[in-house]
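Using the sequences plus the hints, can you model the full thing?
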Amino acid sequence: MAQGVLEGHPSSDGALILSINGSLDTTSTGQAWRRALQLITEHQPKGLIVDASRLTYCDGAGAALLLELRRRQESRRQPYEIQSLDPAYRALLDLYGRWDAQRPEPLAPADSPVEQIGRATVAVWRDVVVLIAFVGQLSSALASAARRPGLVRWKDALLTAELAGVNALPIIMLLGFLLGLIMAFQSAIPMRQFGADIYVANLIGLSMLRELGPLLTAIILAGRSGSAFAAELGTMKVSEEIDALTTMGLEPVRFLVVPRVIAAVAMTPLLSVFAGLLGLIGGAVVMLSLGFPLVTYIIQVKSAVTVGDLIGGLSKSFVFGIVVAAIGCLRGLQTKSGAGAVGESTTRAVVSGLVLITVVDGIFAVVFYCLGI
Amino acid sequence: MVRREFNHQVPIITVRHFTAGYDGHVLLRDLSFDIYPGEVFVILGGSGCGKSTLLKHMIGLYQPLKGSIHIEGKDIVTAQGQQRLGILARIGVMYQQGALFGSMTLLENVRLPLEEYTDLPGEAIDRIALMKLQLVGLGPAAYKLPDEISGGMRKRAAIARAMALDPPILFLDEPSAGLDPITSAELDQLIIGLATHLNITFVVVTHELPSIETIADRVIMLDKRTQGIIAGGRPQELRDHSENPWVRQFFNRQVEAVG
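So the protein lines, in turn, are chains A and B.
The first sequence: position 331 = 331 (the numbering used here), numbered continuously.
The second sequence: position 146 = 146 (the numbering used here), numbered continuously.
No lab work stands behind these hints: they were computed from the structure.
Any given hint could be a false lead.
Stated by the list, open to error - Negatives, chain A to chain B, calculated, CB over 10 Å:
1. Gln-44
2. Leu-151
3. Lys-336
Said to hold, decoys possible - Sample of chain A residues at the chain B side, in silico, Cβ under 8 Å:
4. Gly-22
5. Thr-29
6. Ala-64
7. Leu-93
8. Leu-95
9. Phe-134
10. Gly-136
11. Gly-338
12. Glu-344
Beta carbons: idealized from backbone N, C-alpha and C, even for Gly.
Structure, rendered in structure tokens:
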């Protein structure tokens with residue numbers, strides 16, 4: 001970086017003379033800019049004279065400095081003069097200075113907190129309306145698929161089932177096993193104090209098959225497949241593939257959403273069963289380590305868990321599958337344009353999926369309680 | 001247009017024995033040419049002949065199979081680390097779709113290279129970035145996001161960003177593609193204006209004939225079959241006097257098979 005490219009001294013009539021010695025380019029102008037403003041602040045001159053006789057090079061950054069000095073002087077109604085400026089650089093100043101009066105349109109003032117809350121509320125309400133409309137659209141498409149199964153793109157559904165289901169099996173099994181193991185360990189210690197450690201089997205059996213197995217599966221599905229559906233459909237939206245489908249007369253919900261929902265609905269209960277079974281195995285490992293024979297554990301689980309519990313868990317998984325796949329696809333179809341839009345849709349798919357899973361789980365809890373299941 | 005004269009003594013870009021390809025397939029073979037300071041140099045040719053590939057090698061995105069590309073005397077093919085960054089600071093690139101960062105306003109897009117490469121104070125960066133946008137006629141749109149402006153404005157904003165550091169060389173990939181004739185003509189005038197007033201060297205990839213005839217000082221024409229340069233010179237000379245039937249066909253928009 002040039003050293004001391006700009007220096008100043010006062011003239012006899014109270015003006016400040018800024019002498020440029022060297023190049024004013026993007027690398028040297030930063031220092032010159034700061035020095036010029038410092039000198040102006042120190043001297044508070046009546047006028048400003050820039051001596052450019054030893055200016056060796058000037059690019060856009062240098063021109064910006066000379067124009068900024070002119071603007072400041074003009075705003076203070078004080079004289080400004082550039083002396084001995086090379087005609088080439090004078091032309092550069094004229095070129096950039098031509099648009100000096102062209103100012104950007106000001107940004108709209110930021111909303112007040114009340115306006116922000118209002119906008120957010122309206123946005124949530126609109127989202128609920130869109131969600132309800134989408135549920136109707138999807139139900140109609142699924143009913144149509146049930147009437148005419150030939151219209152369903154089974155190849156896409158099978159591929160999605162493999163990606164969302166088969167490929168998710170290892171992580172579901174691992175997490176299910178660890179969940180069962182950890183729960184058994186955590187509960188065995190306090191329950192042993194009351195001589196009730198045999199009932200750890202009841203706890204693991206009921207919670208894994210009826211509640212945690214389906215919930216764990218749904219959460220993994222939301223993070224893994226719901227986001228993937230949103231990203232895939234979002235990219236299609238950005239690249240106008242969805243528009244192409246629509247103009248070809250192919251309904252995007254039937255063409256893209258139905259196969260994904262069918263795949264998710266088929267796979268989620270199966271994955272949930274695996275999660276439950278591996279959770280039971282995890283619990284068994286702990287019970288064996290506590291000295292209980294395997295047969296005791298199995299009998300205890302069988303006595304605690306009914307077919308109703310298993311069916312309850314499976315029915316939850318079924319609904320979770322629909323919810324996660326549908327919300328993932330909806331967020332994908334809602335993708336706006338721009339590079340960040342797909343990422344935003346993916347995030348919204350996961351967050352909305354998790355919220356809806358919790359809401360649906362709560363509804364199931366109330367319904368099961370009322371039905372005495 | 002006013003025909004400008006150039007110093008044809010010292011080239012600003014020198015390409016020698018350049019061969020490029022991928023997956024064992026050669027796309028361009030043994031290209032050599034020079035580009036001189038201040039000229040608008042157009043690389044043209046039919047679809048798939050390797051125009052954009054050549055451009056991407058010239059800006060250092062890809063490594064050629066053979067040959068050298070010297071920019072202001074430094075080989076971008078072999079340059080590493082700081083030397084490579086030094087070369088990249090001397091060039092600006094406008095990509096086909098503009099490649100503006102969607103989450104930033106136009107002003108922030110132009111500010112970015114200035115923030116990363118210089119020690120200019122914030123107000124100076126703002127001033128310079130606004131000046132560049134004003135130069136391409138986008139001063140009033142400085143606070144808009146790329147999504148909120150038209151395709152032609154996006155391309156102009158991309159030129160403003162490419163010019164942020166005042167590079168002496170600008171590479172433009174298909175600047176007129178997808179634009180209406182009026183917007184395309186405006187962009188052509190902007191290129192001519194910048195070349196004339198700021199003495200910027202432009203390397204432009206295009207196959208838009210009206211643009212070529214308006215902006216080009218010199219062209220080279222690439223050919224898919226020969227994998228090389230089949231013609232070079234001023235566009236009017238090539239159109240009227242080229243002995244190569246493919247060149248005449250290209251310039252006269254003839255569709256019948258030749259040769």
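Check each numbered hint from earlier against the structure, then list the numbers of those it violates in ascending order.
3, 4, 7, 9, 10 and 12
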